[in-house]
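Enquirer: Could you put together the complete structure from these sequences and hints?
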Amino acid sequence: MLDQEKHEAKTVETEQLVASQQLIVFRQGDEEYGIHIDQIKEVVLTPNITKMPQTRSFVKGVANIRGNIIGIVDLEEKFGLKEATTTAEANEANNYTLVIESEDYKVGILVTEVPNTLTIKSSNIEQSVNVIHDNNLNSDYIKGLVKLDNRLIILIDIFKVLDEPELETLAALEDAKSQ
Amino acid sequence: MSKEEEYKEIFLAEALENYEELNRLLTQLEKSPGDKKTINAIFRITHTLKGNAAGMGFKNVSDFSHILEDLFGEAREGKLVLEDSIFTTLFKALDTLGKLINAIKDNKAVKFRGIKTKMEVLLRTTKNEALAKSSGEEKSVEDNVSPANDTSVEEDSIFDPLDEEPENDNSKISFSDLVQVPVRKLDNLLNLVEELVIERDRIIASNSGVVKTNEYTRLNRISSDLQYSVMDVRLVQVGFLFNKFHRVVRDAANLEKKKVGLVLKGTETEIDRNILQIISDSLIHLIRNSVGHGIEKPEIRKKNNKKEEGVITLSARSESDAVIIEIIDDGAGIDIDAARKKAIKQGLISPDDANQLSDNEMVQIIFEPGFSTMNQVTAISGRGVGMDVVKKALDSIGGNISVDTKKGIGTTFSLRLPSSMAVKGTLLFELDSETFAIPLSYTKAVVSLYKPDIHKVANGLVSTYLGNIISIVFLKDILDLTVYRPNSLHKSFNEVHPEKKLDIVIVSYNNRTIGLVVDKLLQQKEIVEKPLMRPFDKVKLISGVTIMGNGHVCLVLNVAEISNLIFSRNFSTKNALSI
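Going down the list, the sequences are from chains A and B. Note that the first sequence covers residues 1184 to 1362 in our numbering. Note that the second sequence covers residues 20 to 598 in our numbering.
Simulated from the structure, these hints should not be mistaken for lab results. Do not take every clue at face value.
[Said to hold, decoys possible] Okay, derived cross-link-like pairs now, DSS-like style, lysine-lysine, Cα gap no bigger than 25 Å in a straight line:
#1 B:K520 to B:K475
#2 A:K1224 to B:K549
#3 B:K559 to A:K1343
#4 B:K549 to A:K1289
#5 B:K559 to A:K1289
#6 B:K557 to A:K1343
#7 A:K1261 to B:K557
#8 A:K1289 to B:K557
#9 A:K1261 to B:K559
#10 B:K204 to A:K1289
[Unchecked claim] Simulated coverage check for chain B against chain A, where a stretch passes if three residues somewhere in it have a Cβ under 8 Å from a Cβ of chain A:
#11 542 to 556
#12 560 to 568
Every residue, glycine too, gets a C-beta built ideally from N, C-alpha and C.
Expert: Dropping the structure here:
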């Protein structure tokens, strides 16, 4: 799997050097997600996560990664690809954390397998995506879809994901108001 | 090094810097003599230098800068025309000033009478010309004959010709014994030391069974010394801030047409520079507030048999690991009945509650957002913002504020500040198999209670502690709270077994006492708190984190916010989630 991808990446690279982009691709549920390599800081074994109150369920908590305090999120849960888990459960499932860095802050994404790098042609990215989604939310965080042979990779902006208000929270708020 | 020596060193560094700056500006001025900006800058620097030197008791430097200040004061108003010949004198004067400053360090004799007299004559002529007024008010030269304590100045004749002054050491460039370091670099250094301490604790914890504990004694000592040295470097005297308040008081008093004097006490008390910076606005506000609300108008003071001039005392003192700053005025005191009425009118409190509260509890209402007793909005006080901002600023650094007022006698605001941002004494406890820290500054006691000791009252829980009724909260219920529902705070209580011993940490904030039920009490520990970064910066209940010896992250509770959450009236409609 890994070798095959690497091989693919290489051939693509030689074919299209000019308008190519490097992505880090990781599996979430049955889907493949991609993030620009510039945004990725490192991949580490997930350290112990401490639960943080007053955060949404998919935010698993904070962890100490090389002396930095970094928020850890579970995107599978965020995207509705699995049932909600507790921080304790997340700690037991010993997987990897992908550390993403923006100018403002860093955030860690829980992944089960080591992510791969992939070089794609810019023309492979379909920018205007029509995805069915709830009108109340914006899916700005989906930057595009990459079609590659049989694969479909969802290109996301992780920092927009965190800014998005949560549907269940809004519903719960309505609930509380009506009481 | 003694305190006095240290001040002297700081003064010298500043004075030399001022001197260099004056040299630069004067050279600039010579090229464009009409430049008002440069003249103003020189005037300001000489003024500062005069003040600093006078404060330190270096009379020669002070007097000399005073004359320079006067000269440039005249030049500023256009009364003194800066000609070439005057520049020669000015440069010579500046050289002499530099020598006088250096003389403080090496006790060398400096001849300065001649040039001083020359400047005085210049000043007098200018004044005479401009105002045709006698120079009676001028300081006579004879007044200044007594030499300053640290300098042994050889007295030479007042009429000594200038040319006789030896010029041999003009070419020497003097170096200050102090270096200036940007705070940014100090912050970085402190961060590194903090990480070192955390790493040290981690190594010691992980090897605790393997190696003898005294194996690490030296490492412990060296790293602790290093930590305290870095913290020490960051300490500054509160006097640096306090001295700026003379002007604040003067301006505020002028605006309010009041007579107010400022007395400073304990200016040598040391505190972390960042803390001083954070509270500086709060102090300005409190002082303006004392002038605006506290001190009465002169005629009223006279009527009440008080001196016409009100006094505001700003005092600082160290108390174990805290610094106490007090702002004391001898004014009218806070009108508690007026505060009560106002609070009811503004809907901050219900009339029933208001009448039940004691005066001391009532007066704390001034820290609520949107509260102001002044009916009239003035420029310096009565805008209704401020006291709550002061409170927030103090909360952010783990300090607190209290107020004590006596009608007709005055009001005292008392600020308790941590002397250092770096290390915090905390109590560690366990909840849901995770470790939390709670700052000792809020912790009053730890007690054990059983279920029958606790009673449900409305949506909350209460118990008694030392004869007082206190609120009891299962901390888990608060931390798990996403959306408030009635009886949320009863959840854990309902589940708890009647015979289970409950560990309770009693905390106090803003005169409100709360018992927090936790799973298990651990030990006391000094921690290095790191602030929460994005995306967690909106999480209110946690003020920061620290890294434990095992590398895990430990959350530090924000007692102020927990108290606010429990007692907040808008509780039910608020969404508790931050991100």
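Enquirer: Take the hints in turn and mark each one as holding or not.
Expert: Outcome of the hint check:
no.: 1; hint: B:K520 to B:K475; in the structure: 18 Å, holds
no.: 2; hint: A:K1224 to B:K549; in the structure: 21 Å, holds
no.: 3; hint: B:K559 to A:K1343; in the structure: 22 Å, holds
no.: 4; hint: B:K549 to A:K1289; in the structure: 15 Å, holds
no.: 5; hint: B:K559 to A:K1289; in the structure: 20 Å, holds
no.: 6; hint: B:K557 to A:K1343; in the structure: 17 Å, holds
no.: 7; hint: A:K1261 to B:K557; in the structure: 20 Å, holds
no.: 8; hint: A:K1289 to B:K557; in the structure: 16 Å, holds
no.: 9; hint: A:K1261 to B:K559; in the structure: 23 Å, holds
no.: 10; hint: B:K204 to A:K1289; in the structure: 23 Å, holds
no.: 11; hint: 542 to 556; in the structure: holds (count 6)
no.: 12; hint: 560 to 568; in the structure: holds (count 4)
The earlier numbered hints are all upheld by this structure, with none contradicted.
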